[in-house]
Structures are given as C-alpha cells and as structure tokens.
Amino acid sequence: MVRFLHTADWQIGLTRRFLEPEAQARFTAARADAIRRLGRIAHDQGCEFVVVCGDVFESNHLTGQTVRRALDALRSVPVPVYLLPGNHDPLDAASIYRSELFLAERPEHVHVLEVAGAHEVSPGVELVAAPWESKHPGRDLVAEAVATLPEGVAPDGVTRVVVGHGAVDDFDPEWRHSATIRTAPLVEALDQGRVHHVALGDRHSHTEVAGRGDIVYSGTPEPTRETEVDPGHVLVVDVDPSRPAGERARVRPHRVSTWRFLTLDRQVDAPADVEALDAELGALADKERTITFVNLRGTLSVAAHARLEEVRERHRDHLGALVERDQHRDVAVVSDEEVWRELGLGGYLASAVDQIQAQAHDSAQTPRDGGESVAEDEPGGRSAFVVGRPDDDESARDALSLLYRLGRSRA
Amino acid sequence: MRLHRITLRDVRGVTERTVHFPDSGVVVVEGPNEIGKSTLLEAFDRLLDLKATSRSARAQALQPIGRDVAPFVEAEFSLAGQRVRLAKQWLRSPRTELEILGQRPEQLTGAAAQARLEELTAALDTTLWEALRLAQSDDGTLVPLMSSGVLQEALDAAADAHLHDGDGEQVLDLVEDEYLRYFTSRTARPTGDYRAAIEAWTAAQEDVAEAHRRMVEAEDLLTRQAQAQADVQHRTEELAVAEAELRGARERSQAVAELVAGHQRATERCDAARSMARAAAHAQQARRRQVDSLTRLGATVAEHEQEVTTLERQAERVADSLREAEAGLVASEAAVEQAEDDLEQARRRRSLAEATDELASLERAVAEVAGRVETLTRARAAMPEVPVSETRRREVERLRQELAVLEARHESASAAVLVESLGAPVEIGAVDSDGSPAPDPSPDAAHPTPGRSGRGSAATLAPGESRQVAATDDLEIVVPGAARVVVRSAEAGERRAAVAAARSALADTVADLGCRDADEVEQRAASTAAAQRALEEAERDLAAVLAAHDLAPLTGAVAATVPAALTDRRDGLRARVEALAADLPPAADPAPEGAQVAEDERVAAALVRTRREARRAASAELATAGRQAREVTTALDRLAGQLDGERARAEQEQELLDQQRAQLPDSELDDRATEHEAALAEAQARAAQARQAMSDADVEGLAAQVRAHEAALARLRSERERARDHLHALTGQVELAASEGRRELYELAEAGLDEAERRLAAVDRRARAVRHLRGALHEHRDSAHRAYVRPFTDVLERLGRRVYGDSFAVTVDQRLSVQARTLHGTTVPFDELSGGAKEQLGILARIAVAHLVDPTQGVPVVIDDALGYSDPQRLEQMGGIFAGGAGADPRDVQVILLTCTPDRYASIPDAQTVRLEAS
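Line by line, the protein sequences are chains L and E.
The opening residue of the first sequence carries number 1 in this note's numbering; numbering runs sequentially from there.
The opening residue of the second sequence carries number 1 in this note's numbering; numbering runs sequentially from there.
Treat the hints with care, as some may be off.
Okay, derived cross-link-like pairs now, EDC-like style, lysine to aspartate or glutamate, Cα gap no bigger than 20 Å in a straight line [claimed, not checked]:
#1 L/K135 / E/E735
#2 L/K135 / E/D220
#3 E/K838 / E/D865
#4 E/K838 / E/D871
No lab work stands behind these hints, which were simulated from the structure alone.
Keep in mind the model is a prediction, meaning the values are calculated, not measured.
Extracted from the complex, chain E is given alone in its bound form:
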C-alpha cells in the first residue's frame, strides 16, 4: 500500500487539511504539537476500518470537541495494484465514496462502496501495516511478524525456502482443517467424532466389564451350586452309612434288651417273694402278739380282782372312821356353842361395868364443869366497871412524869426569890402579868413536887420566917402595907404554858378513865389486872375440864352454863347402863368388880378359842375321813369298771384267737413263714445273677452307642438339610441368573465393544494420519521458517552497520524479534538497551522489513515523533538509512516521518517536507 493524499475536514482539531505524499522516498510531516499529525494517520485508519454509518465511540471520537459537525476523511492510496480514492463522512449525512482510478475505473457509493472497500482491504497486510508503524510511545520492539503473509513470502524468497512452491499454504490449511476435525487446536485433545468414538469405546469397555462380571458371577454361582450339589450327595451318602450304623447298634442293643427284661423279671419276682415273706412273718408275729396279749389280759384281770377285794375292805374301815369323826364334830360344836354363850354373857357384864364407871366419871365431870363455870362467872363479876388497862396506866404515869419534869425545869429556870420576913408578914402570891392573882395552875398542887419550895400560891410569911420562892410566876410579894413587890420573869410565860399543857393532858386522861386522879388510876389498874388474872385462870380450868371430856372450850355467854354435849352424853350413858342391866340375869353376886369381869371374859374367850380349835380338828378329821372314803369308793368303782372291760376283752380275744387257731394253727403259721423266707432268698439270688449278666453285657455302653448313633444321625440329617437349603438357595440364584441370559448379554457387549473398537480404530487411523501429516508438515515448515531469520538478520545488520559501524550485530529469534544487540564485541539484551538504542533498532527493523517485502505489497513505514532520544550524530546516520542511502536496498519504500522538531530529520537527503499549519 502506498499513500498519496489524505484530506481531513472537521476531524478533531482539524477544520480542513490536505496532505500530499510523494509516491516514494521520505516525507517529513512537520508541525507543532497538537497540530494533528497523529490525527492524520488515525483518520486514515478509521477511513479503512470504520463504516460511515457507524455511530460508535470511535466515530464520535472523530468529531471536533464542541462542534456538531460531520467529520469527513478522504484519501487516495494504492492497494493491490489499484489506485483508489476513498471518502467517508460520519455521524451527519454519512456517506461512503469509493473510486477506483486506472484502466477499469469504478465509482461506488454507500454499501457497495463499503463492500468493495472490504474486498480491497482483504489484500492489505494489516499485520505489516500495524508493525511498520512506530509511535512515540513504543519502545521500538517489533510486534511478531510471523503471521504477516507478505513478510513470510518475502522471507521465503529471501531464504530460498521454497515454501510456496505450488500452493503450500492451502495444503497446510486443508491439513489444519482436517486436523481440527479430530483434535482441539490448542490442547491437541481428541474432539468431535474422534472423541465420541473414544467415549463410546470406553463405555463399551465398561459394559463388557460389567457384563463379564455378571457372567462370571453366574458361572461362579453355577460352580458353587455344583459343589453344593456334590456336598448334598456326599452328605446323603454319609447319612446312609450313619443309618446303617444305627441299625447295627440297635440290633446289638435289642439282644441285650432280653437280658434287661430277665433282670427285670427276676427283680419283680424277688420283690414278690419279699412281699410274701414279709406277709408270713407279719402273720406269725401277729399271732404271737395275740397270744401274749391274751395272757397279759388274764393276769391283769386277776390282779385287778385282788385289788378290788382289798379296796372293799379298806372302804369299810374308812366308813367307820367317818362316822366317828362325824360324832366328834357334833360334840365339839355343842361345846363351842356353850363357850360362846358364856363368852357373850361375860362380855355384857363387862360392858355394863364399863358403862357404869363411865357414867360415874361423867357425872363427876358435869359437876366439875359446873363448878368451874361458877368460878368463871364470879371472876367476870369481879372485873371493875371501868377497867384500866396496863397500857392506860402507863400512859398516865408517863404524863405525870412529863409534868413533873416540866415543872422542875420551870422552877429551876425561874428566879429564886428569898423572902424573909423580917418582921411583918409578908404575903407572897403570884400574879398574872396583868397583876391579878393567878389561879392555881397546878392540878398537882395536891402533891407538889418534893423538894420544891413551893411557889405561887399565896403564902404568908411569918416574921422571921423566910422562904425561898421560885419566881415561876410573876411573884408578888406584899408586905402588907409595906410593900408590894412583883417579880416578873421574862421567859416564865412559855414555861408556864408548857407546864399548864402537861397538867391539862394529865388531867384529861385521868378524867377519861373516870378517875379522880392519877393515884386512883393506879389503884384501878391494879384491881383490873387482878380480876383479869382470875378470869383467865377460870377459863383455863374450864377449858381443861372440857378438854378432858373432848369438848371445845366454851366462850362468851355459853360459858356460863354446863355444855349440853356433856349432859347429853351422861344421859345417854345412863340409858345404856339401864339397858345393859336389864339384859343381864340378876346377878347372883353383887356386881362384881371390873377386874373380875374382865378376867371372866378373858377366860370365856380362851375357852371359845380352845373349843373352836377342837371343832376345827374334828372337822378336819371328818374331811379327811370323807375324802378317804370317797377315794376308796372311786378307786373301787374305777377298778370294777376296768375289770369288767378287761374281762369282756379277754373273752373277745380268746374267742378270736380260738377262731383263728381253728383256721390256721400256730404251727402251720410258723411253717409258712419259714417257707417264704427261703423263697425270698432264692429269688434274690436269681436277681443278683440277672443283674450280673446285664452288667457283663454292658447294656449302658450299647445304649450309649445307640444314642451316639442317633445323635450323629440327627446331626447329619440337620447338616444335610442345611446343605439342601443352601443348594436350593444357590439353585434358585443360578436359575435366576441363567434366566437373565448373561452369557448372551456378555457376548453382545463384547460385540458392541468390537463394533465400538472398529469405529474407533477407523477414526483413530484417520486422526493419527492427519496428526502424523500435520506434525511432519509443521516440522518442515518451521525448519523453513528458521531459515527466514537469516535474510532478515542480514538486512538488519547491513542497515545497522551503517549507523553503528562494522561491529554491529543482532540476535533474532524465530518470530523475528530482536533479542540482543552486539556492538564492539559486547552483547546486550534488547530489554536492557537504552530508550534511544531501542528506538533506533525498532526503526532499523521496520526499514529492514520494508526493504524485504515486495514494494507493491508493502506498506509505508510510519515513524511518529520518534528519535527524540537519539543524539545528533546518530540522527544524521539514521537519516541516511531513511533515505535508503548508499548500499541500501534499491527497493522503493515510502517512509513517513511525523515530527514537531523539523531539525531532527534535517540530515535526510532528498526528503520532502510537508509543513502543517493550524487550519
């Protein structure tokens, strides 16, 4: 492909621009940044690959920002030998125009134009077109080029690989198609029919395995069934043998059974003989006992008769004794009665005597009491009318002493006035404070205090007489006609008042007692005390007398008389004495003395006791005699009854014995017992013999054998039954398995497997054939490819040496990627090269490819703002390369360099420059 012209209108930042490219050689498109250099080529790409009708993001991206206009791109280029003009407008009024210029011009629009375009672009080696572009951002690495048919063709030619002799690629495609019928492309695993055949075959194998398993199982069952059958047969035979053995054992046992029966019979006979012998012996013994019994009975009867006689005599004696005892008892009872009567009379006499004594005593007591009562009454009468108790008397005494004390104290406290009549009478008297004569204040003036010189009361002193007067009162001393002296005492008033009070109190108390003065009080108190004592004494005496007769003391008014109780008692007693005297026969004697009476009574009582004792003895004797009589009678009766029974029994027994003896005399009985004893001994001997015979024959052993055989037989039968059951079960299983047709199913499964295997084998053959063929073809093609590497490397190194000198070399892999660069003997891996070096190598590789491919089939080399990293010297050298300078491949290569720094490519000779201005 070759670009001739590109026109942009309303594409991104470009309003209107047309760029013309020379048909060959280098064109440098220069312009400042953002002027739209890259847009130029991008727009061309869209022109080829984006339908005008597209409203995709890529279409939208063509539109200038902020302007709702229709982007339009037109280009003129050569492709597949045709010169083409292509124009598209997107988004608004989309249109496509395609014009083929040349000898057979075509002009198409719309869908037809698009279809024609697609035909044309099919011839475009897009891989190469992409590969030969180097943008600013690339690091120079060449994208894998092996899928570029154009390049391969070029390399084939260069390598002389004869890859395309004939129509190799088409064959390879056919082989690949065929291969992909059987294998997956990536993992080379079976697929399609091949895989299905393998799966069917695998499934068939599993079917066969299962069918075989089931068949073998059926056969195994059959084998086991046959074994089980043989087992049953074997056991049946064993059973027959065991049955025969049992029969033999039973026969032997049967023979011995006779011995057993003989023994049994002998034993039975022995038992019978033993019974007989025992019976005979019993009969013999019974007879003997019978005789003995009779004999003993006779003896008893005789004995008892003797006893009866003795008893009868004894009874007579006892009857006599009884009668005597009865008489004794009667006599003693009469004596007792007499004595008791005597005693009674004695007692009555004693009672009378006692009562008489008591009456007398009581009479005396009444008299005593009456005397005492009299005394008491007199004592009461002797008591003063107003008695003065000791207490009162003492109170009066106390008051009199208190008065005396007060008067003494008053006197001592008063001034002592010594009045001496010197010749004239002098009157002395007491005056009151008011000067009037004071009354006699002292009630006890009658008995003035001894030692007291007297006081107040008027006295007249005879001449020469003197008197000391205590001025207890205001003392008035008058000498008649001569003088009156009043002695006044300051505190005498109070003391006088106290004396007066005491005197008054005494006087009141004495008055209360009805006495005239204290002395009378004294007297009366003395008489009161005497009367009181006499009274108390009388009361005490009375109480004592009463107490002597068990009577309560009398009090109060009652005490004035004799108590009724006492008199009643006396009266009662009098009545009793009279009664007692009436009952008694008139005493021969005058009333005996009390002591005699008592003695009489005591003697009578003693006689009574004695006689009673005698009576008790007689009574006891009678009881004894009675008891003896009864005893004897009872014994006699009993014995007589017994004797009667014994006599009757003896008669019976005798009668029975006589009868039996008549039937079987004693001698015969004895003979029979002896015979049976002998028979028993014989039977026992025979039984012992039979037992011995049986023992000798080992009956038990034989029976054990029979039992053992029976047990064995039972076991064998049981085992055979089990074996039969097992056999039946197996037979059932065998029949069931057989009914399923497992052999046939297995054969069919095998046939199925064969069929699957045949089908698989057929597919497998074809698959292997194509795998083999493909493998060989690829191997050879790859080895041819390896040969391409050489021409590419040659061209690349040739170009490189022009830039770097003769030491330049590269290592290229099969995918035509530069792996390492060698310079001056130093090899550096591509990845480790500097950015500039990588970029330069990238450009060199692209130029090399461009040089290799057919100019008509080739594409332009586009370098977009590259070599920014390269130093000026390298730039200059690179410029020579672009221009296809000396030694370069003569092929015509279109090189488009886009740059914003025009100087970068200034060194390229003959380069045409297109300057882009802002539009």
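Isolated chain L (complex conformation):
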C-alpha cells in the first residue's frame, strides 16, 4: 500500500479583482501558506509524497517574487513533491518549470512530471503523468499517458497512480474542451488493474468522478471563486493494488483553506431587514478572510437606505471583500412627506424632494447591464464604467440619502 497526498489547482499568482490591494496580498499569502499546511498534513499523515495535479501556477507569466515565494513554501514540505504541468502552467516555451529561476532555485525534493508516462517515484510506485505541453493540446493527454504503459495488468508489487489534469467527459459531455479526459477507458484500466488510482486536477471542488472513489479531483486548497462547491481540501490517499478494483483506494479529505467565499442573497424591505443584515455580517467569523457577495433586493425608505449605505460601508472595512454586483442590486427607495417634515424641509425644497423621489422610484428608466459574462482577461471585457452618468434612479436615491444626511446634520 502506498499513501500520498493528492492536491491540485494551487493557482499560485491568482489575483481577484474585487480584492483591495491589502486583501489581495493576504489572499496571495494564504495560497503559499496552504502549501505549508498541506506539507504538515503530509508529514502528519505519513504520506510518501505529494502530487499536485496541475495548475500549480495560475499562469506561466508570473513575477519572480511570486514564483520564489511558492518555492519557499515548497521547501517546507518534508516529503517529495511531484508537480504536474496543467493548462494554466503548461510546458510550453514560456513554462515556469523551464525558467532559469525555477531550474536554479527548485528544491531538490520538488520534481516536475515533464514527460508523459510512468515515473517510478519509489520502488514499486509509479506515477503515470499526463503533463500539458501547451494550453491547447487538442487530445486526451491522460489516455495517451496510459497508452504508454505495457498492455495488461500492472506487475505485482507495482502501484500505478494516474496523475492528470483537465475536465472529464462526465462534466463535459459535449467535449467542449478538446483535451477532455474520457472516463470510460480510465474506468476500464482501473477495473483491469492496469492502473490503480486516478488523481485529477482542474476542478476546484473536491469531486469523485463517475461515482468512483478511485477517480478523484482534489479541488483547490484555497478557494478561488464563489461558485466553487467544495473547495479547500487536500486528499490523503491510500492505494492498495492488492485489493479488488473499486476498493483499492481510500481517500480522506483534509481541510486546509483559510479563506471562504460567501454569497448573501437578501431581501431588504424594512429597517429591521437592514439591521438583520448588519447583524449577520457582524456575526461572521474570520471576516478578514471572507469574501462576501451581497445581493440585495427590496424597497427601503430614505432613512433605511441611508442606514443600509452606512452598514455596507462599515462592513466593507471588516470583510476580506464585500462585493455587490450591479446586476444583483435591486433596492428601491421610497420617501414619505413625514421624513422631510421631520427635517423641517418645506417650500421649494419639498417640491424638489418630490421630484427626486419620483425619479428614484422609476428604476426602469436607466437599465444597466452586468458585464460578468464577458471573459475577465479581456480589457474591453469589463463593463465600461462611465464617469458622471446623467441623473437616474440611482443618483436620485443617493440624492435623497444625501439630502437626508444633510438635513439631519443640520438638525
């Protein structure tokens, strides 16, 4: 039996635009720390080695600082580490793994699985690697790697673990990606005993493929986006080739993440709702490492809206990030005469308020579209921000809040 630690998709060098620079720095540091943590787990769990199934780096085009910090973290891992080039860090001419820096500063126990096929990492233990040599290989690399093995069942005393990266056809049935991994041949190889376990990377959530415990995505150790289902784990895997197919692998996830993504879809129609939101946000643990997407809907009075603004600004400072996306914000503001009367506003001020209020309600007059569907790495892809847009419902709501605030400050 062999025990090793399966991880993937470290995405070192990942930046998240919604993060403030300070938060981004911590977010980045957390990814390096995750390596140290998983190193300790490997040690504690008696793993023989660590295998990273691709996307160790977010890109091949990273700064030396980022790469060096990753190498520093890797140095702390007490067992051999095998890195598989994935689609984000393929073995192309720009590959980090072939850069002078990496070659010069790579710790000795860190190995790159550069060649497709079996690598004996310890007596009787073979990693069947399927490295990406480019971003668009156009073929099933895992199938190719397996095809390099001798026909038939693995010899006695040999444990074979396939190390691959990419989407499996279970999740990509239409094979939108040309490099989609076909599951059926893998299942066959596993059942045949030609290989004994398949460790995959690319999917950031810990996932078993085809309902099998021997084809597994470890997921990313630190979450990268709010849509990930179950990120933040590394897997300690025991493989015993002597057992029957389907029972050879035992996989135990260990949580290593320190950050989390949180999405709050909330209805706010009354001051109480705003207070509730305030309380909910205030009660969050590890706020500084929580990235919160707040999607609000509802109708608020001017006063409650002003309060909401205040709440929002306050929690923004506490949280790792508080993200509100335009297309998810749908809070209308209503004002009543009473508010203004309390503030002592009359005369033409009152008539002006009436007009603004009417504009604030008319949210349909300036439809705004979200830009999330556009790829993020296209500079033209972001929704074009327009400075000083003409007055609209939003500016009307904000104007009312402002008037409210000024009125109160006067009072």
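Use these hints to put chain E onto chain L, whose structure you have.
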C-alpha cells in the same frame, strides 16, 4: 437701517455740520452746489466701512484740502433693531466710539467698538443699501438685486413662494458646499477627490492597456514560438524524407558505377593495346628504315668511289695545265721587261732632244731680250733733258693765243693814226704817259701779229711814206724839228696792262720750260713725244719677249739687263742636257730627229703595252689553272673524307642490323605488329561496348539525381537551421517575456483598475447624488424666484400708473431689472428710453423695492440730485410717489432727497426740508 443724524467735522469742505433726519417720510436736503450734500452720505459710508486707524487713500480723501486736521464723522442710526451712535476720527488721534442705545445699552471704544460694529453691519443688507441709492450720474438702472437676502425674503413673502419654510437657504448652502467638494463652481468640472479618482482610474486603465498589450505580446510570442517549433518539426521530417531519397539515388548511382568502372577498364585496356600496337609498328618501321638506310649508304659509297677516280684523273690534267701556264708567264714577263727597258731608253732620248731644243730656244730668248734691253736703253737716252709734255705745250699755245687776242683787241680799240710823211721824216714812237719813250712792251715783237700795222716802236717815215699807226700807246709823232704830236688814248692804259700781263705769263711759262720762246717749246714738245713713243715701244717689246718666257715685265733699273731668271733657266737646262747626254749610250746614229725620237718612244710604249697584256693573259691563265687545280684537289679531299665516313657508318649500321636481326629477325617483327594491331581492334570494340552500356544506363541522369537530392538536402538543412535559429530566438524571447510575469502583472493591473474603479464609483455616486440634488434644488428655487418677479412688477406698475396713467406697464426679468416700459400700448426697451424716463423708472423701482422689504430690515432710499431731466408735471407726480401718497404701500420708508434746486421737490407733501448752509 434708518438714519437719524449725521455729524461731520473737518470732512472735506465741511468744517462742522449736523443733519437730523426724520424717522420716516421724505426729507429733502437742499443746498447749493459744493455745499457737501454728497459728502454727507459718503462720510456715512466711510464711517461704516473704514477703520479709524486706516491711513488709506480713502481716509486721506476725507481730510479737507490744505488743512492738517482730523476728519470726524458721527452718526446715529437704527440697525437690526438697535439704535446706535457711532463716531470715528481718522488720521490724527484716531478713535472709534460705539454706543448702543436702548434697553441694553453698550458703550465701546477702539477695537472693541470696531468689532461690535462689524457684527452689526453684517446684518446690513449692503446690496440693498447700494441699490436703493440713485446718484446724479446713474441712468436709473437698478443693480441686480437677487443677491439681496432682504429683498428675496420680501419677494418670497410677496410671492408666497415658501422659499424659506424651515431653513431652506442653509440646506442649499450645505448642498452647495457638498457640491463644491466634487465640482468646480463655475465650470462644473470634477475636482478634488473626484478628479483625483478619475485620474487614478484613467491611469489604471492605461496601466491595464499597457499590461494587456505586454501580456498579449507574450502570448503572441508563445504562439509564434509554437508555430516555429512545429515548423522545425515539419522541416526535420522533410529532411528525413530527403535523406532517404538521397540514399536511394546514391544506391542506384552505385549500381551504375560498376558500368562506369567497366568502361573505364575497357578504355584503359584499349589505350594499352593501342600503345602496344604502336610500339610494334614503330619497331617494324624502324627496321625497315634501318635496311633502307644501309642500302642507300652502300650505293653512296660506290658512287663516291667512282667520283674520286674521276677527280684524280682530272687533277692530273689540271697539274699539266698549271705547269704550262707558269712557263708562259715567265716568258711573257721577260718580254715585258725587255720592252720596258727599250721604252725607257726611248724616253730618255726624247727627253734629251726636247731639252736640247728648249735650250736653243732659251739661248735665243736671252739674245732677244738682250737686244730689246739695248733698244730700251737707247730710247731712254733719246728723251730730252727737259721734256715738254703735250700738256705744257698746249698751255703755252693757249697763252700765246690769249696774248694775240688781247693785242688785237687793244689795237682795234686804239685810235688809228695815219701818218704820212709829206716830206720830212717823221718819227713815230710811243711814249709813256709821262712822255718818255715806252719800252718795247711786246715780247712777241719778234713775231708781230700779221696784219698789224705795227705800233709803238719808233719808226721813221720816209717822206711820202705813210703809215697808219694804231695808237695803242701814247703815240708820239715827231717831225723832227717840225712837230711832235702825242696821241694819247684814254683807255689804252688798261688794255696795255692786260696785254702786258698776258705777255708776261707767256714769257714766264716758256722760261719755266727752259725755252727761249714759244717756238722752241713747240719743238721740244715734238721731240719729247717722239722719244716717249720709242721708249714705250721698246718696253712693250721687252715685255712681250719676257711674257713669251713667262717672265714679268721689267721695270726701272732692272730693265737695263737680261733677267736672271732667264739666264738661270738657260743654265739649268744646259746642265740637264749634259746629264741626259751622259746617260745615253753613245748613239750609233747621230742624234736622231725629234720626230723619230717620239716615234721610237711610241713604238716602245706600244710594245710594252702589248707585252703586259700578254703577261696579264698568262697570269690569268695561271690563276685559272691554279684555281682548277685547287678545286679539284679540294673536291677530291672532301669526297675522300666523306667516303671514309660513309664506309665506316655503313660498317656500323651493318653491324647493328646484323645484331638486331640476330635477336629478332624481320619476319618475326612483322608478325608481332600484325598481332598487336588485331588486339587493339578487339580492345576498341570492347570499349565501345562498355561505353554503350554506360550510355544506356543514363549514368549522368542518375548522377544529376544524386546531385539534385544532395542540393535539396543541403537546402532543407539550411532551412531547418534557419527555422531552428528562428525558434531559438523566439524561445529566448518567450522565456524572457515569461520571466517578467506579464500575466500576473496584467492581473494586478486589472485589480488595480478595479480598485480604482471601485473608488471612483464610490466618489462618482456621491458626486452624482449631490449634482442631482443640487440640480433639483436649483431648478425649484429658480422656479420660485421666477415667482418673485410678479410682486415686484405689481408694485412697480402700481407706482408707475400714478405717474404715467393706467396704460403704464413694465417687463421685468428674473434679476429684477426693468427690460422695457409700455405706455399707451407702445413698448420701448429700457435702454432706448430718454434720460428722464430712465431716471424716473429708476426711482420708481427703488421706491417699489423699499415698499416691498421689511421696514426694519430695509434701508433708506437716497436720491442724489436726480430728476433734473423731468418736466414739472412729472416732478409733481413723482413727488406724490416719494410721499407715499394715496394708494401707496403703507410701509414706512425713509426717503432722502439731496438737491441743489429746492423747487424740484416742492410738490412733495409733508416733506421735511433741511437746508445746508456753508459752514
């Protein structure tokens, strides 16, 4: 504000003056020009706005001209519900006093007073205070009044605009403050944080664009590198194919190489056979030539031997001829010698004969010369002692004739005297002038001139004789004892002198010649000429003789002898004749004749020539014979030598041939040549076959294929190398770009942009909010303001109608400026109104404003010397307005009218008048 009292002391032209104003109603302050009406209000202004400590130009302006005194102004007025007394003194001992009168009195001085004053004046609506004053120079236009808070308040109330419900202005101020945090006031451009956020966002956008460009560049490089890699791969495959093709071509070419080698061998064998055949043929030919040569040599030897025999015989004959010729020559030479000897003797004889003849001739010549010399000598001797030359003779002749002529002329000129002796002798003689008898003057008396009857000489005439005598001299005729007659001639003297001179000259010349008279001269001249001729003849003859013997003519003394040259020659010749005669043998014959001698010599000479000719012939014959002998001998020697060589060579050749034949007989040599010829033909046939085989195999084509494949391979290799270089270059660039972390930098730039955008969005929201709010508030306030225009217009028209009648109407803009006036249905723009009308409207507008505002907050209306342009009727009507007459607003307005023409405001009811006197 309301004025109660103003006191001036030492202010401009005013020494001391106090004016009291009633609390309400109209006060007319009247006084003449320059009395200080305007100074009154100006001093009040300074009191409010100029610190006592000020030494500014405005303070200086208060001082009376030429007086160094301290201007002092004191005033009592109501402001903001307080009654105040304020006094200031400037420039000298400046002081400020402020007293608040009333329920909570205050009394302050100095800085505290000034501070309190500033508090109070803050409540003064200065805009209104300025606006409600109309000075002489103004055209009546009302300055914009919208900034007058007092007026706005009044208009709000009048318009029921609810502008000031609550605390609207304060809200508006707050909004304005907030607005100015984001926008500039005038141009509404982003400023402050807003602007900074926009700039940061713009910069971040640029950063992103640049980072993106660099990232795309890196990705593009990677793509190109991948393409280059594929290209290299592709070329490597092509190269493998090309290498395989080259191998195939080379193998095919190798197979053909065997044919080429076969051809090469056949060619080489063919060449060898050709060499052998040629050698055999050469050997055969050499043998043949050898035999031929020997044969020819034998024939030559035989021939030459024959020739030698012939030559030897010929030599003998030639030797005989030679000997004969030699003998002939000897004989002919002896004959020649004999003849020559004979000739010599003949010649000598001839010479002797000739010399003898010449000697004889010479002897004769000597004799001739001697004769001639003798002749010459005689001729010389015949020459007179005094010779008379022909010339001299002619000279004497001439003189004698001249004398004759003179005498004849004298005679003819002299008187002819015929003397006849009649019986007695008559003597006739000449006398001199002195009467003495004249000598015979005429030397030629001896030969008197023929025909002359004689003259002078005394003659005696016998009786009966007569004579005619020419009286050439004074003629004396004497009859002895009878008479003496003297005939004197007047000019006869001169003529006589001339005759005498001529006679003398003749006589001198004759004497010179040693002659006695002219006749002797004649004679001697004749003998001289004869002697001369004989001499010349003798000389000529001598010269001729000498010339005949080639001697020069003799002259002088020499001529008296025979020349030595001639005699020497004769002597020489004599010696020679003797010598010649001595050499000759004694002649048998007596000396032959000269002609014979010559003939003998000629015959001897001819014989010599003949014999010499014979000798030459003999000599030539001998030469010919000698030459022939030599020729024959030479030819014989040569031929004999040649023959010896030929015989030796023939022997050698024969010996060599014999040896060679012993080794290789001729027949065998011929057989061998034939064999080799056949072998060559065979080898050539084989080579032709091999060539054909090679040609059939297209060796060249295959070689060309190999070369083509090699070239293609080289090209492909070169291309692959280039592709590799390109790939390496690109790989280097890719690695370099990758090492820069462009993706991460781009992501960071994007994050930076997001951050900038978030910050901007936040500020933008706030900015837009305040812009929106401000816009709405201003819009509503302005619409409220528009409502003020109505009450103001109402009041103004109400007042106006009292002056102009019911047709009066005005157009007022939002700034409360009168734009046009309508009267009797005619609307005239304000600017086009007359000065008076403008002034009246200005006053009406001010009164209207005064009526609108709160009395406690309002200010006095001050009209300074206005209405000068208005006619009396209008003045009267205006007066009613000032007084706030019937229908006027009940509000209490303080109106101060300053004028220098009191009558102008006489129509104002209840007006109080203050008269200013010079102080």
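Okay, the hints, checked on the actual structure:
no. : hint            : verdict
1   : L/K135 / E/E735 : holds (16 Å)
2   : L/K135 / E/D220 : holds (13 Å)
3   : E/K838 / E/D865 : holds (14 Å)
4   : E/K838 / E/D871 : holds (13 Å)
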